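Produce the complete structure using the sequences and hints provided.
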Amino acid sequence: MRKLFNFLGLLVAGAIVIIIMIILVLIALVIAVALFAALFGLAGRIGVPIIDWIMSL
Numbered sequence: 220m221r222k223l224f225n226f227l228g229l230l231v232a233g234a235i236v237i238i239i240m241i242i243l244v245l246i247a248l249v250i251a252v253a254l255f256a257a258l259f260g261l262a263g264r265i266g267v268p269i270i271d272w273i274m275s276l
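For the sequence shown, our numbering gives the first residue as 220, with consecutive numbering after it.
A couple of the hints might just be wrong.
The calculated lysine to any residue pairs, modelled on SDA-like cross-linking and capped at a C-alpha distance of 25 Å, are [stated by the list, open to error]: (1) K222 <-> I237; (2) K222 <-> G233; (3) K222 <-> A234; (4) K222 <-> A232; (5) K222 <-> V236; (6) K222 <-> I235.
Computed beta-carbon distance windows for the label pairs [claimed, not checked]: (7) D271 <-> A251: 25 to 31 Å; (8) G233 <-> I273: 33 to 39 Å; (9) A257 <-> K222: 50 to 56 Å; (10) L261 <-> M240: 29 to 35 Å; (11) A247 <-> M220: 37 to 43 Å; (12) L248 <-> I273: 30 to 36 Å; (13) G260 <-> F224: 49 to 55 Å; (14) A251 <-> M220: 42 to 48 Å; (15) A247 <-> N225: 30 to 36 Å.
Hints are computed from structural coordinates only; laboratory data are not their basis.
Since the structure is predicted, the reported quantities are computational estimates derived from the model, not experimental observations.
Every residue, glycine too, gets a C-beta built ideally from N, C-alpha and C.
Have a look at this one:
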């Protein structure tokens, strides 16, 4: 009986750890996407006039 409880406890702990890891990965992905969007947005704003200027030469 005790072994069964230990096994269930390990399963629950494992599930909780996996859920926490998934949540952390999702948060990291969201932050990464937001950073990339911000970087590309800035690069787009700065880069477009430069590209236009190079094309006009």
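That 29 to 35 Å hint for L261 and M240 (C-beta), does it hold up? 32 Å, holds
With a cut-off of 25 Å on the C-alpha distance, tell me whether K222 and A232 pass. 15 Å, holds
Would you mind confirming whether the straight-line C-alpha gap from K222 to A234 stays at or under 25 Å? 18 Å, holds
Taking only the CA atoms, is the gap from K222 to G233 under or equal to 25 Å? 16 Å, holds
Is it true that A251 and M220 lie within 42 to 48 Å of each other by Cβ? 47 Å, holds
Should the hint that D271 and A251 are 25 to 31 Å apart at their CB atoms be regarded as holding? 30 Å, holds
Do the beta carbons of G233 and I273 sit within 33 to 39 Å of each other? 56 Å, violated
Verify the CB-CB distance for G260 and F224 against the hinted window 49 to 55 Å. 53 Å, holds
Quick check on a hinted range of 30 to 36 Å for A247 and N225, using CB atoms only. 32 Å, holds
When you check the alpha-carbon spacing of K222 and V236, does it fall within 25 Å? 21 Å, holds
A range of 50 to 56 Å was offered for this pair. Does it hold for the Cβ distance of A257 and K222? 52 Å, holds
Just to be sure I understand the hint, the distance between the Cβ atoms of L248 and I273 should be within 30 to 36 Å; is that true here? Distance hint for L248, I273 holds at roughly 34 Å.
Of the numbered hints given earlier, the model fails hint 8 alone.
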